[in-house]
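Colleague: Line by line, the protein sequences are chains R and H.
Heads up, the first sequence is in the working numbering, so the first residue is 1 and it goes up one at a time.
Heads up, the second sequence is in the working numbering, so the first residue is 1001 and it goes up one at a time.
Treat the hints with care, as some may be off.
Stated by the list, open to error - Here are some chain R residues the structure puts well away from chain H; computed CB gaps all over 10 Å:
no., residue
1, 79
2, 291
3, 340
To be verified - Partial pick of chain R residues on the chain H-facing surface, computed with a CB cut under 10 Å:
no., residue
4, 87
5, 98
6, 296
Calculated directly from the structure, the hints in this document are not laboratory data.
Here the structure is a predicted model, which means the values were calculated and not measured.
Each residue gets a CB set at the ideal place from its N, CA and C atoms; glycine is no exception.
Spelled out, the chains give:
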Amino acid sequence: MAFLNLEQVSKDFGPVTAVCNVSLGIEKGEFVSLLGPSGCGKTTTLQMIAGLVEPSGGRISLDGRDITYEKPNRRGLGVVFQSYALFPHMTVAENVAFGLEMRRVPRSERNERVREALSLVQLASFADRYPRQLSGGQRQRVAIARALVISPPVLLLDEPLSNLDAKLREEMQFELRRIQRKVGTTTIMVTHDQAEALSISDRVVVMEAGRMTQVDAPYRLYEQPSNAFISSFVGKTNLLAGKWRRNGASAYVEIKGISLEAPIADLSDAAPVMLSIRPEKILLREPGAGRLDGRVTNRFFLGSQWLFTIETVAGTMTVAIPNQGGDPPLEGSAVGLDWTLTNLRVIPDTANL
Amino acid sequence: MIRRSPFTFAPWLLAGPGALFFFGLVILPLCLTVILSFHAYDHSKGIQDTFTLSHYAAVVTDEYYLSIFLRTLRISALTTLICAAIGVPEAYILSRMRDPWRSVFLLVIIGPLLVSVVVRAFGWSMLLGSQGILNQALHLLGLPSAKILYTETAIVIALVHVMLPFMVIPVWTALQKLDPMVEAAAWTLGASRFTALRRIVMPQVSLGVLSGSLIVFGLSASAFAVPALLGGRRLKMAATLVYDEYLQELNWPLGAAIAIIVLVANLCIMLAYNRMIEVRARRTLG
């Protein structure tokens, strides 16, 4: 059995089901992200693990101990809240010391551990400040120090980076991973930001409407999304709806009167499917030299890459080309689109069944 | 270059009516009362045009007046304390209620303000009187009857009832500003519900409790209807004493002197209390 185990955990708020039969095993030292759009039940799941919300059904166990209905103050888990929830009337050091005080750790040891925790998050010189005197990023690190100082078996992070600006968020992502690596605490992070989930997790759990739909390593999640929602939610993708056709050893997909070669899949003939291809997997060729012809309608310069919108017979496609110094095709010019067949994914279109 | 507006008198015009009102109804009568308190008084000839400090001297040296001031202080402080003890938990429960119930209970708490204090005081005297419902109930149970009406207890009970909304509302407002997750954070760090309340929630609503206490104390110390109706003729508080000096003894200058002393004492106590707590709270809450 895994270190932290969720079995068929559900939560209903009146007639609304927020979380439905979530089962998940998390190993010691793992960094797992719960990823999903707002309202998908990821925060409720986290709060059930923290003990702030009581599950309507199912079982949660930690290290073999059933904690489903245990009070939050008996669980000893570290929680970092979205609003950080620092105690405004206490200094940084008092905030961090609070958990140790509750555990009746003697003063000298307490001071030592507070100092260690603050230097771990690089805030050693801020011990006597009040939270309102700190910037957003510093508050966030105080919240992490406060959660980690009690040496929790599991660290729970509720959208820890969502209140930070873009640049700081990127820095904090790596900072968070560095701290987690150093301390080795099992960590669960809730986020709606796929880039955040992909860059720092060992595994990502995708949630949709209260259910888990895919649990995978970030790389596999990106390359092999199990449905159309995930492929568009995790990274950008081009989705083309069509009919899957088998032709002996090969297969193709009919889209608006044209056919595109497709990888072999375990599908019945004429099944509705979505073709998914990532923008960066498409290559630009001379017109007629690729698998599909189109015309550039827009191009955007993003610094490290160019982003094109290309009108084709099959639909509008987004293409990303790395910026290698040359001048890419102008708006209005005809181009050919090409790709390696293995980068094209066929997803059964359950919505159009 | 900012062009100077031709309507610079607009702020004066806007603040004018309020200022005039305040001047006419507060400042002017207050000044007249101060002047009146220095006038000499003769029992046969009435108010004289000579000035004297004898009224003030009489009040501060006479034990009768001092005992009334002490009683006023005692009753107000006790009322404030009980209001805080009842009102703060009440506000906390109110702030944790779900929405339809919260509005209903807020109305229940504010509702009594719509009923005149005099009517409510009579209500209490019917409940607590020697033939009142309370004593009838005690009688039915075979217990000896309790004499509550016309004691300080009756005044405190009625004052608490009247003043409670003035404590609940500021504390409730302070609680509304609190991030509910802050309390949850304390739980996850190992604090029991009680410890979280004591260490985390209470310090943050201390300013709300402070303003509530100031309102309750100030209003209690100058309350008239409740002590007049429930304290009876003998058990006087500051406001009823002033009333008696003016309308029973017709010694207006002495009444004015007492009123001024009550005002100054009230101001001193409230400012000192405000300073003591606010300085501490502002330092940490910013």
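Colleague: Against each hint, give a clear statement of whether it holds in the structure.
Modeller: Hints and how they fare:
1. 79: Non-interface label on residue 79 of chain R violated, nearest chain H Cβ at 4 Å vs cutoff 10 Å.
2. 291: Residue 291 of chain R clear of chain H: closest Cβ-Cβ about 52 Å, beyond 10 Å.
3. 340: holds (48 Å)
4. 87: Nearest chain H Cβ about 6 Å off; hint holds.
5. 98: With Cβ-Cβ at 5 Å, under 10 Å, it holds.
6. 296: It is violated, given that the least Cβ distance between residue 296 of chain R and chain H is near 49 Å, above 10 Å.
The structure fails hints 1 and 6 (numbered hints given earlier, in ascending order).
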